[in-house]
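Counting along the sequence shown from 1, when you hit position 187 you're at 264 in the numbering used here, and nothing is skipped either side.
Hints are computed from structural coordinates only; laboratory data are not their basis.
Among the clues, some could well be false.
Below, computed lysine-lysine pairings styled on PhoX-like, alpha-carbon distance capped at 25 Å [said to hold, decoys possible]:
1. 373 with 315
2. 464 with 448
3. 315 with 328
4. 448 with 397
5. 416 with 397
6. 373 with 128
7. 328 with 464
Treat the numbers as computed from the prediction; the structure is a model and nothing was measured.
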Amino acid sequence: MACEVPIKSMMSSAVTLLTPRHVAVIGAGAAGLVAARELRREGHRVVVFEKGEEVGGMWVYSPEVDSDPLGLEAKRRLVHSSLYDSLRTNLSRESMSFRDYPFRRREGKGRDSRRFPGHREVLLYLQDFAAEFEIGELVRFGTEVLFAGLDQCGKWRLTSTSPHTHPVDEIYDALIICNGHYVQPRLPHIPGINAWPGKQMHSHNYRTPEPFQDQVVVLIGSSASAVDISRDIATVAKEVHIAARSVEEDKLGKVPGHENMWLHSMIDSVHEDGTVVFQDGNAVGADFIIHCTGYKYDFPFLETNGEVTVDDNRVGPLYKHVFPPALAPWLSFVGLPWKVAPFSLFELQSKWIAGILSNRIALPSKEEMAKDVDAFYSSLEASGTPKRYTHNMGILQWDYNNWIADQCGVPSIEEWRRQMYIATSKNRVLRPESYRDEWDDDDLVLQAQQDFANYLT
Numbered sequence: 078m079a080c081e082v083p084i085k086s087m088m089s090s091a092v093t094l095l096t097p098r099h100v101a102v103i104g105a106g107a108a109g110l111v112a113a114r115e116l117r118r119e120g121h122r123v124v125v126f127e128k129g130e131e132v133g134g135m136w137v138y139s140p141e142v143d144s145d146p147l148g149l150e151a152k153r154r155l156v157h158s159s160l161y162d163s164l165r166t167n168l169s170r171e172s173m174s175f176r177d178y179p180f181r182r183r184e185g186k187g188r189d190s191r192r193f194p195g196h197r198e199v200l201l202y203l204q205d206f207a208a209e210f211e212i213g214e215l216v217r218f219g220t221e222v223l224f225a226g227l228d229q230c231g232k233w234r235l236t237s238t239s240p241h242t243h244p245v246d247e248i249y250d251a252l253i254i255c256n257g258h259y260v261q262p263r264l265p266h267i268p269g270i271n272a273w274p275g276k277q278m279h280s281h282n283y284r285t286p287e288p289f290q291d292q293v294v295v296l297i298g299s300s301a302s303a304v305d306i307s308r309d310i311a312t313v314a315k316e317v318h319i320a321a322r323s324v325e326e327d328k329l330g331k332v333p334g335h336e337n338m339w340l341h342s343m344i345d346s347v348h349e350d351g352t353v354v355f356q357d358g359n360a361v362g363a364d365f366i367i368h369c370t371g372y373k374y375d376f377p378f379l380e381t382n383g384e385v386t387v388d389d390n391r392v393g394p395l396y397k398h399v400f401p402p403a404l405a406p407w408l409s410f411v412g413l414p415w416k417v418a419p420f421s422l423f424e425l426q427s428k429w430i431a432g433i434l435s436n437r438i439a440l441p442s443k444e445e446m447a448k449d450v451d452a453f454y455s456s457l458e459a460s461g462t463p464k465r466y467t468h469n470m471g472i473l474q475w476d477y478n479n480w481i482a483d484q485c486g487v488p489s490i491e492e493w494r495r496q497m498y499i500a501t502s503k504n505r506v507l508r509p510e511s512y513r514d515e516w517d518d519d520d521l522v523l524q525a526q527q528d529f530a531n532y533l534t
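With the sequences and hints as input, model every part of the structure.
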């Protein structure tokens, strides 16, 4: 078969290519939706593959759970959603919104006007976004990508299927992966766990507290979801014991405001008699262990001949968490960083990718990108940062966002957004039970509203 233009020639050409790319986007969650919008704004032809029947990705709630509550069985019935029924956002609607599409309070049946709304309101926001920018017409719903790999011409060959069709092969110039990373559970090693007689589950499969009525529950983790789930379960459980790393000694013991909740250091071991022993020396007889221990990046459909791997939850090598140097710009990832204000980061990454595919924005050479990645990994190693924290950003997200904004020629991230994120983080520590309903940053809310008004004029 004759190839139109070898991919390496396209990468090295100094000629501006005006032909729009044919781009496949995997996933119609927040990342996939904004990627599709930015690609179309650049004039590319876009197809979005979505396994579910609606837009929203992880924000589509399902009461269903995996057939294996721990997520260990490879062939288990898999449910994409990790939402629990009571979930509210841990970021304000202002700071989690896309930059040019405010997450405004809307009146009407089923709408949630709270500043930190429930998950259903986030789904409605994403549905509103998709409708506003007519993204639904680009999405193939109920379509799963089984395989994505390079053909002999350097193009991406995708094999997809839906319930009513045989597998279909198609060719694309570029592939953008937006499939999320809250599906495949990560589990810790706990001495004695195979002989422990109680029940276990990963938080991916937690929905409501009722199954834990009058149970003694040990919950592992200290993330926002761990805090939420522990409080949810405490309304019905006999006892809730939280095992967390790096807990200050004066914080150990009974959790203020709760008569049936205790905070411990990490689990040391578990035993055949049902006992759970903590590193602080305490022990309890438990009925249930819930692992709020995070997720693994997983791309079961992707074949790159070893150019991209997942090693201890590091997806790499990736230039700026987006492009594998050997395959740039024809393969990219949106949404890998965590501990971030997600939607605005997705938006900037997507603008960058779309502009690069148009030849409007330049990438460094393959060698320069690889050198940058090596330097980044070396800095993590020098600082003692575990490999699994490669995509953990936190306070670093603002410089990262501003660097990408500069590449795209758009304004830096709004200062109020940065300050609001920090204020919420501090408030969450100060008021863990009520930070979603009590805050001290109304001045930042006003700045956000003024900025949004400017976007809309």
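Structure-based check of each hint:
1. A hinted pair counts as satisfied when its Cα atoms are at most 25 Å apart, and residue 373 with residue 315 does not qualify at roughly 32 Å.
2. A C-alpha spacing of about 18 Å is found between residue 464 and residue 448, which places the hinted pair at or below 25 Å, so the restraint holds.
3. At roughly 21 Å between alpha-carbon atoms, residue 315 and residue 328 fall within 25 Å of each other, so this suggested pair holds.
4. Among the hinted pairs, residue 448 with residue 397 is consistent with the structure: their alpha-carbon atoms are about 12 Å apart, no more than 25 Å.
5. A distance of roughly 16 Å separates the Cα atoms of residue 416 and residue 397; the hinted pair therefore holds under the 25 Å criterion.
6. Pair hint residue 373 plus residue 128 holds up; C-alpha atoms about 19 Å apart against a cutoff of 25 Å.
7. For the suggested pair residue 328 and residue 464, the alpha carbons sit about 28 Å apart, so the restraint of at most 25 Å is broken.
When the structure is compared with the earlier hints, violations turn up for hints 1 and 7 and for no others.
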